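Colleague: These two chains come separately, so use the hints to put the complex back together.
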Amino acid sequence: MIHSLFLVNSSGDIFLEKHWKSVVSRSVCDYFFEAQERASEPENVPPVIPTPHHYLISVLRHRIYFVAVIQSEVPPLFVIEFLHRVVDTFQDYFGVCTEAAIKDNVVVVYELLEEMLDNGFPLATESNILKELIKPPTILRTVVNTITGSTNVGEQLPTGQLSVVPWRRTGVKYTNNEAYFDVVEEIDAIIDKSGSTITAEIQGVIDACVKLSGMPDLTLSFMNPRLLDDVSFHPCVRFKRWEAERILSFIPPDGNFRLLSYHVSSQNLVAIPVYVKHNITFREGSSQGRFELTLGPKQTMGKAVESVLVSSQLPRGVLNVNLNPSQGTYTFDPVTKLLSWDVGKINPQKLPSLKGSMSLQAGASKPDENPTINIQFKIQQMAISGLKVNRLDMYGEKYKPFKGIKYMTKAGKFQVRT
Amino acid sequence: VHDDLKEMLDSNKDSLKLEAMKRIVAMMARGKNASDLFPAVVKNVACKNIEVKKLVYVYLVRYAEEQQDLALLSISTFQRGLKDPNQLIRASALRVLSSIRVTIIIPIMMLAIKDAASDMSPYVRKTAAHAIPKLYSLDPEQKEPLIEVIEKLLADKTTLVAGSVVMAFEGVCPERIDLIHKNYRKLCNLLIDVEEWGQVVIINMLTRYARTQFLNPNANEVLLEEGEEKEFYGSDEEEGKEEKVEKKKPYVMDPDHRLLLRNTKPLLQSRNAAVVMAVAQLYFHLAPKAEVGVTAKALVRLLRSHSEVQFVVLQNVATMSIKRKGMFETYLKSFYIRSTDPTQIKVLKLEVLTNLATETSISIILREFQTYIKSMDKDFVAATIQAIGRCATNIGEVRDTCLNGLVQLLSNRDELVVAESVVVIKKLLQMQPEQHSDIIKHMAKLIENIQVPMARASILWLIGEYCEHVPKIAPDVLRKMAKSFTSEEDIVKLQILNLAAKLYLTNSKQTKLLTQYVLNLAKYDQNYDIRDRARFIRQLIVPTDKGGALSKYAKKLFLALKPAPILESPFKDRDHFQLGSLSHLLNVKAGGYQELPDWPETAPDPSVRNVEVMDAVCCHGNCNSKRVGERSSGEERRTAKKTTEPRSESESEEEGKESSSESSESESESETESKEESEPDTEAKRNAKKKVGVSNGLELLKLFWHSRVLFVCILPCSAQTISPTFSSLKTYELLHRLTGEGLAVGYCFGRQPFVRDPHMVTVQIQFTNHMDTEARNLRVREPRLQSGMRIKEFPEIEVLPPGETVTTVMGIDFCDSTQAANFQLCTHTRKFCVSIQPPVGELMAPVFMLENEFKKEQGQLMGMNEIKETLVLGEACQSDYAIVQRVTAAANVGQVPCGSDQEYRFAGKTMTSNSLVLVTVITKRDRTAQLTVNCEKMVIGTMLVKDILHALSQ
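Here the protein sequences line up with chains X and D, keeping their order.
Residues in the first sequence are numbered consecutively from 1, following full-length UniProt numbering.
Residues in the second sequence are numbered consecutively from 1, following full-length UniProt numbering.
Hints are supplied without guarantee of correctness; some may be wrong.
Using 16 Å as the maximum straight-line C-alpha spacing, the simulated EDC-like pairs for lysine to aspartate or glutamate come out as follows [claimed, not checked]: (1) D:LYS333 with X:ASP192; (2) D:LYS265 with X:ASP230; (3) D:LYS378 with X:GLU41; (4) D:LYS374 with X:ASP368; (5) X:LYS366 with D:GLU415; (6) X:LYS413 with D:ASP341; (7) X:LYS135 with X:GLU115.
Honestly, the hints are just simulated from the structure, not real lab data.
As the structure is a computational prediction, the values presented were derived from the model and not from experiment.
Chain D on its own, in the form it takes in the complex (with noise of 0.2 Å):
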């Protein structure tokens, strides 16, 4: 078999070995079995022809599975690639390698992993994220190790990497919810530029983050319901009123939660339904009450779209329009039905108009279903019927236009109009018999020409019910009944039971010997359902001599007044599920399903949530990073790109001096609020942007050095990228809460360029009020400071409410000594003597520069100038990034790409004069190391030294 095949992939032709996987191919699409080729095709795994290569690579993962031992041959070319200096073949071994179903290789598998992700190339690392719930899914044992991966990857800042590392949490661990709070922030606010099911799977995993962790905002809504049905439990209403006083605190929305909301909205405008629809059911299950309104216009835009996508969306709106009428109000003709639309899609319309149907507009619906009662395609028909019923039970007003609309169907031509017209009548009349015995005699007129069993059931069961209205005809019906009673269906035949026995109990004169007839036919039925009812109602209803203590009750059972039905939508209190979900489609819950958890009682923590907040934006100097943030900042990337890409090194030469010097007034605007960096951000980059002009590459490269947290630009070649190093900030206290009374204060340093002067040193500062009251007019008064040292205070904040927390930015120009800055922090009330002392490593910001330009200026920095020590690397500080983030945590000094693999550079500049800081670690095999520091600055290289030596070697 197959042996042409087998002889074109020996050949020595590239040309024949194509045509021959382009066949083999062609097989697997059309579902033949093709695995006997394996061990010829696998042969070529490693072939120069990069489509055959890609061919083959299909046919590897498709059949793998198969062929263990076999494919086991080709894992050493994936394990060369995974080491490839290009990017895309690592990660596209990394992606083949952890397709490939081969139980024997998941230890390789998880250590390709590991590395890639922590591979400088964003796009790798994204490819690791994707191979994480592949490995998983083949072995669930990896589960810890993968966790500890995707808990690595979950820091990762760039958009590239945030959507696929989601999707493997969603995969592996969605109960962690604990990893994300560190990265809640940041994957707000990368949201707006993940690629789009990226956006999907993101929004999904933070709408049920957020009900684990802040308050519900419609909590006072809930809270009414609430109180009522205490109430109504009299026992538990005092408990009740104590809830309510003790809860009656004012709502305040978490800043965080308002974040989420603001940074998913501009997504309503995506072209993707999915991400439309995620944001949606965000807003449905998040937003306060009033907000859920905006998301109303974008669903109704999805009507447009394709009819699977109506489909689902129709399910999702019909839900919603349950809870949140008044959202869909305004577009109530958007679900007016057309004759060319799908039964199905109709059928939902339907839904959300009966849902929809209020006392104002019940008139017009009732209208629109008046015209599509007259459609051809009768299930349509059947379903508006029962729309019909829906609306009179719900809007009393029309109750008795909606009976006598459908007493003039049951005069239709068509028998399953009529027939379903009578089982929604039946419902309705029950609601108020007396008023409508003509309507029962009209319907009990119908029995003779109506042949739908349901129908003539409920016919029956009517008259039986009511038989006291309806005296003269109902022993006739049960006359007529009788003669026809074998022929008719089951369902029928029951009722007819019922009715005799009823007519047995109120009328036994004229009904006796027919209710005895059709007993006694129901005795000899085929059917034991009848024949068992007929013996259970004989022996209730006839009085026997052993009289039976059940019959002196008969009618007590039979003409029991029974409670009217409840036509209710089958899409009522579907939003336990998550909308948009396959949960909430089928109404059932699907595999996987993660349950949208209830609100909190009292709100978790919000802290866990502070990354020492500035990190997010604070990548180190190298950091060639991907923006965030926000989409218009496309024309920024345009030039980023355009010019990185073509960068030569005496142009980065240039940089690596000037890079921090050039600090651009026109950014002033950008700082302050921290919690809304990304916008500010933007605009002054575009501001920036303009002032510089677009085509001045080198320039705008300084820039964005200079505002490097706000650009990743992705360099093509991997020589020239330096991993990015991510380290937290660490936070100092200001003052405690106690000698604050109350009010707590912290600072960190935000490593990013302070906006209005070069020179100075960004301390970000959090206020958190503790105390019952407010606290107003903070402010900074009476700096006592060195001279030569500057001071540059936050705005005044006027108000910090109970429990809030703040942060705000100050800018210290420390004149490149660790001297503290003292002074008093005010209150309205009070003041506090408070100092900040810089760490030395604080004293400079990074410095872009390549590994001969470090060289040249470490030449210049010997002698008097250099201290070198030799320490022993810690135990927690073997691998490459771990020193390079030890390092980088000690000081904000940037990594320096380097030939080799033992030696970490790094650079930086002091503050205040622009002295050059140069790093160098050098690793030996036995675990030691050698720490050079270069500064003109000796006091500075000293005390950094220490600091250096004392991080590493913990």
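So here's chain X without its partners, still in its complex pose (with noise of 0.2 Å):
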């Protein structure tokens, strides 16, 4: 399936490469940089790119292009899947997937492609299996190696990929044995210049940091299991009692692992915590633009609205920004046209507001096009669905974990059209 990977960095150098069958040249690469240049914009490289003898499926992250070389028919979200899983191992191993954390591991890096695809199919991708396998690197584990020449290659077998329970770690032990549960929800959202909502839905996460001795069974229910409409699970989940009861039970693996991606369903209206007044206006002929933006909370069920951020694309035609926040700092590139207003809190007593003018290049004529507004924020100890943890139950070990749940709300793709 998968016959080589090359590591790409974003000023078009190879910098790592991995073959599981025959070597392949790096040359092939070349039909991916033609596509690079190409795309106006990093990430409008095509994922699949045909060549006479194979073809390129690349994913992009980090900045760093992950380009897998296949040979033949395959599913191209296979490849792709399987490509983000090893991004995800390695920001998992060293806490970043940059390239210097990736030249300074290459070694780990090496070790891990070697396990993960056996002869180009994936054989191994559960962290909990791989940190088995290879132990991620520390500081202190690289000062011990160095001095007593010990490895980072597990001296153990890995039974756990014998395991029945495939995700989970055998021999499991803490001393202070705690799960910790956050509901995370964003809203996407598109609003239309009169402040009208054109679409909006919530789509939630639970990511859970589990660290339990022993093999611990857990349940967890809802309050309103009603309000998820679609979910995905973590292969854990036994689905056969969710169907059944809406009940999450699940043996978890150890550490960090998403448990659950849901969609609150359509028909509930989604609450907007925030909304924007804005006036940007360009006139005919003149070389100034007025930018009025205000923001204020709305739905925010007494809760704050917090680490505000708009950004917004002004049109080419934008040469500089003169703007007065009234909190929070700005910032314009007039090479990108890029703005962005670090808010911070929203006080509903004082609406934070970004007021100015924009110089135009002299002589041309207005834009046509209006820009939008992208905004970002947080609130805490919300769910915006009102989704709620009824209960959180271990069975099958004897000690008392310690339990919590957090909520939070954040914007996802949250839109402003003006």
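Modeller: Here it is, written out as structure tokens:
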């Protein structure tokens, strides 16, 4: 399936290659570079590029292209999903997935890639199994290894691979047993010029950090499971139990993992926690434009809207801006024309605003297009859909774990058209 | 070069070796050639340090191809590894050995793969499956023997192996669909527990399989379409009608078809996008039209994922949305475009929105499009204009609105926008030019400002084509164009010629000279196409003395009514490629692509999939098996694991004695519907578990033992594992279809504990209705039984439609005798006297015990209770596998682990009296063997000896 993998950085250098079958010359990447040149933006490089003898399937993450070389028919999503899994694994191991981190840990990277694919077919992609096979590097271990000459490769045999609960390591032990769950919801919305909602939906995830000894068996139930319209599970979740009782029952993997992603049923009206008043105008024949933006909270159920960040791609004709924020700071990049305003927290008594003028190219006609405003924000201690966890219980182990559940709402792709 | 590295590799210190290997791996990663270090590296293949060893493997696999001779030095290390008692080491040795691309070791590889395929560890068998495509790519000549291995591994019942072997199947022999028949139901049932990557491969393969074996569930729909076509080609009409009548039989979905749809559906909830896509394409290609919709929600969910995932999903949604518009209608807004989407995503979303547009949704879609036109991304704007054009052609009601909108765009400041609009307007006008002469006039004016050649050419064509609608302007345009002719682009020049010709034909008075002038300019053009065209047009339109025969028809030729272009989605009909495939995405057949076959006209024999039904769930005695079927069995797995791991021998001895006596009533609901094995089973297990309680491992183990069917706990240490024995069940005839007047009944011994009574033998009965009418009220009546024998009838089958097959289960307590059980089988009209006579081997159930325990028991069953026979092993009965297989086929006994190579032990106990039955086979060098049976019941012992003797010497 996957013949080879090339890692390409943003300046177009191949800085790592790995082959699982006969070696494919790195010159195959020339086709990729051609496509890269043609693309106006880095994310516009087609994910699948046919070449005379191979197909290149690539993903772009952290400004690194992961280019897989394929020789024959294979579902493209299979490869794409796998490549993303590789990136996730690197991130899990090294904390970040950057060119530097990969180069520093090239041996671990190679060992990982060797275990993840056999003859181009995925073999071990569960992080728990991989960690049994290859221990993640830590500073302490690196120091110890250099002194004692011991290794990163697990000494014991990775029985996890044979386990019937393949996602969980065996023999896990903690002195403090704890299980934390974060319910994080994102609002995707498009708001039109007049402030009415064109489309809005809520997507949520439950991310877990479980550090429990032994083989705990957890169940998690909701007060209002009917809210969940479409769900996708970590493989540990027992589907039948969910179907029958709407209870999440699972033996958790060890450490961090995403238990569940969900979509809130579209019948429910979505509360939009912020509103934007805007007045962005260009006048014909004038080299000045007006820019006014005011943000305000609405439908936040008394919670504060924090970490607000507004960004907007201004028309090409705009040379510079001269704005005055009532709070926070703003930046404008005259090359990319990207305006971003770090607002911080919205104070309902004193609404944040950004006002001023834009200078346009003299003599040029007024821009046709109006910029779109992208907004990011966070609201702590609230899931905007109203989803609530009812109980979290543990079976199968004797100790009393510490349990915690946190709620948060964020803006997803939240856009206001002007 | 690299002398320092060589030195380090030669040193005695592992740390130095490790450092050297790390540096070498870093070189490989950067693409630097490190092949000259081969001799120094390969020496360390047997290094004790596990990390050094691993890195050496990495190196070896990369460079062995270039250094074939030296690579051979390492082979013996791996061959040793293949015999290691630890399954992980065996697996790793096979993995590396099979990755070394050196042709000379092909026979060694073949041998290793064959051995590994019958390894007792499922993990090693999985590795064997992985090795198959490797060997095949190295030497395609090995196809036939490899297919044999694939066939064997396809019969494997563990989830660990399933994905890998199907992958091998797809790589080596995707055309051998016949190998799948017997494994089809098992694969369907295992699917949910297979790892994600295996799921994708299996689902894609099963899609193809289903297309060859089942009937089109949407045949009626197709028929309608076909019918129309037939009428169109009048002559075939009658034939068509006949066929229609013939086909009008109501469609009944094959239960196996349904099984596939049902078992894949939960996977739509997978976190893995590839799995979701695989299920979606399966539903698209196989499900009845009304059911395809369930996949839409999951596909829309994927649009939240990484942009590459979106890209692929949108391509597939685009194709689906043409065929099955309805399924995405409710998700229209999910395809709305955000300014932050990459252009390639925007364009695809636009495609989907266009495909989804209907009379009702068009107005909001057009409103969306209006916002898109203001985007800063000009490529996207151009695509939007195209999309508006397509909406206008598809939906007549909005054509004028669209046209007006596009005309407004003609005054846009961006030339690209204007140009694109011109091109689209041209296409729209062609549909109804009469009403739009003002638009044509407007466009004629544009020619002065617009510079994009394609747009200029389009305008000129329009004016030429409809010059009668704009009689005053047209000649003026030609005048202007004649002036600028030499500086125009080629496509524009061609259209100027075109315009000139058309005007000459309609209005020669005004334009004769202009046309001559243009033709003269063209005559000396640099481009030969233009020179050619000029010559051609001159000959055609200008009357000459020689009287060109064609010039009479010039008007007809140039001013013929031209059909309006059809603006079609580029995704139309792309579904002849299997969705989700690379070929579909590229719209080109990729290497190795397997065509999606057309549905068969008539269904092939469905009985080919009848694996003696319960076989799938019947692993024998010692079966340390991994449970199939259901994810929710996780809880049991956990406990199963816990209990099996630390098991001490004394514990297992006890289990041996008690194993099958402990039947749990709570399983009672689990039976009956053999087709739905997996679900009730799980239910039952859960109930069972609740009763027994989690902590009591021993109790549980017994329970598992009893429902051994359901579990395959993988024992971590090979000493305890016993290779699973696979045998197929023999089917006997209860009622021949002729005697039964169309009702055929067969039975087999399910070898599963009969849940309602532990002393009963499970008998599976399969009814097939060959009649034209349905059979009703199938039931058992008036059993005539020997004293002590008992029978538990199957629940009455109310209706069996014609052509259908149904399987049910009954239990019979034979009282440990081979006497037949006689009873009447009744339908609503008839009764038939039938009898079931069990072979002696079916009167027992396997027992799990260890070797020393076996010997102890055997010691107590000496003398009269022991029967010994010497036999000559049959030709086909030489291998371990064959012997075990033959014995377990002849008798329902379980294999007992055994230290010696030449000895095979099996244990079971009779159903009614729980008397132990111990079977020992000791093979000798000269193909002879000694068979010993120890059993308290001498009659059973004697008969069993006869049966096994017969089985082994065949």
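Colleague: Under the criterion that the straight-line Cα-Cα distance not exceed 16 Å, is the pair X:LYS366, D:GLU415 satisfied?
Modeller: With Cα atoms ~15 Å apart, X:LYS366 and D:GLU415 stay inside 16 Å; holds.
Colleague: Would you mind confirming whether the straight-line C-alpha gap from D:LYS265 to X:ASP230 stays at or under 16 Å?
Modeller: holds (13 Å)
Colleague: Under the criterion that the straight-line Cα-Cα distance not exceed 16 Å, is the pair D:LYS374, X:ASP368 satisfied?
Modeller: Distance of about 6 Å is within 16 Å: holds.
Colleague: Checking one constraint from the list: CA of X:LYS413 to CA of D:ASP341, max 16 Å. Satisfied?
Modeller: Since the Cα atoms of X:LYS413 and D:ASP341 sit roughly 10 Å apart, the hinted pair holds (cutoff 16 Å).
Colleague: Given the hint that D:LYS333 pairs with X:ASP192, test it: the Cα-Cα distance must not exceed 16 Å.
Modeller: It holds: about 13 Å lies between the C-alpha atoms, which stays within 16 Å.
Colleague: Does the structure keep D:LYS378 and X:GLU41 at a Cα separation of 16 Å or less?
Modeller: Distance ~13 Å between D:LYS378 and X:GLU41 Cα, so the pair holds.
Colleague: Check the hint pairing X:LYS135 with X:GLU115 against an upper bound of 16 Å on the C-alpha distance.
Modeller: It holds: about 13 Å lies between the C-alpha atoms, which stays within 16 Å.
The structure shown violates none of the earlier numbered hints.
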